[in-house]
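J.: Sequence:
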Amino acid sequence: MRNGVRHLLGAGAGLLATPLIATGFIIGVARYRQTAAMTVDWVVLAVYVGTVVLIGVLAGSRISPLASLLPGLAFLGFIGAALVRMALGGDHRMGFDDVPSQFLEGYMALLYTWSLPTGCILLTASLFPSRWRATRTDPLPPPPPPLEAPEPPPLPKRIPSSHH
Numbered sequence: 010m011r012n013g014v015r016h017l018l019g020a021g022a023g024l025l026a027t028p029l030i031a032t033g034f035i036i037g038v039a040r041y042r043q044t045a046a047m048t049v050d051w052v053v054l055a056v057y058v059g060t061v062v063l064i065g066v067l068a069g070s071r072i073s074p075l076a077s078l079l080p081g082l083a084f085l086g087f088i089g090a091a092l093v094r095m096a097l098g099g100d101h102r103m104g105f106d107d108v109p110s111q112f113l114e115g116y117m118a119l120l121y122t123w124s125l126p127t128g129c130i131l132l133t134a135s136l137f138p139s140r141w142r143a144t145r146t147d148p149l150p151p152p153p154p155p156l157e158a159p160e161p162p163p164l165p166k167r168i169p170s171s172h173h
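For the working numbering, add 9 to where a residue sits in the sequence shown, where the first one is 1.
Rather than coming from a laboratory, the hints here were simulated on the basis of the structure.
What you are looking at is a predicted structure, and each value in this text was computed from that prediction instead of being measured.
Hints may be right or wrong, so weigh each one.
Pair ranges (Cβ atoms, derived) [unchecked claim]:
1. 114 - 65: 21 to 29 Å
2. 89 - 29: 19 to 27 Å
3. 18 - 154: 37 to 45 Å
4. 14 - 94: 45 to 53 Å
5. 153 - 62: 26 to 34 Å
6. 97 - 65: 32 to 40 Å
7. 92 - 14: 32 to 40 Å
8. 50 - 141: 37 to 45 Å
C-beta: ideal position from N, C-alpha, C; glycine also.
Using the sequences and the hints given, assemble the complete structure.
T.: Quick look at the structure:
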């Protein structure tokens, strides 16, 4: 696969994965909070496992490092904007008014819990130089020609026998 196509596919995967990861964490926390009993909620567990597996695929894939770079920058930018807003005297309620109330706790968990480690993992995974290089497309050298078997030595001449 050509390097440009690989990076284009990686960018598309990264753009698609960013909202999927965010939704996985938000829905997981919102659904977990709805469960009053201290039992295992298999749907929440499946959502979390699926989200973490997606992060792992982006971090370890051989597509393009853009697949992990774009979501990594998005999640680090998300928490960075919240921290800058608080440092400049703003409140910690970054976008809380735009989030439906049933997802507010999940949004807070995404913003203040999951964004930093997710962003760091994905950004770090994209920094390895080997991920930016194209896969080797050099053709294999042709195999050496088969060795020809040497001709056998000539057979000895037949010596006539005196017994007939």
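J.: Failing hints, ascending?
T.: 4, 5
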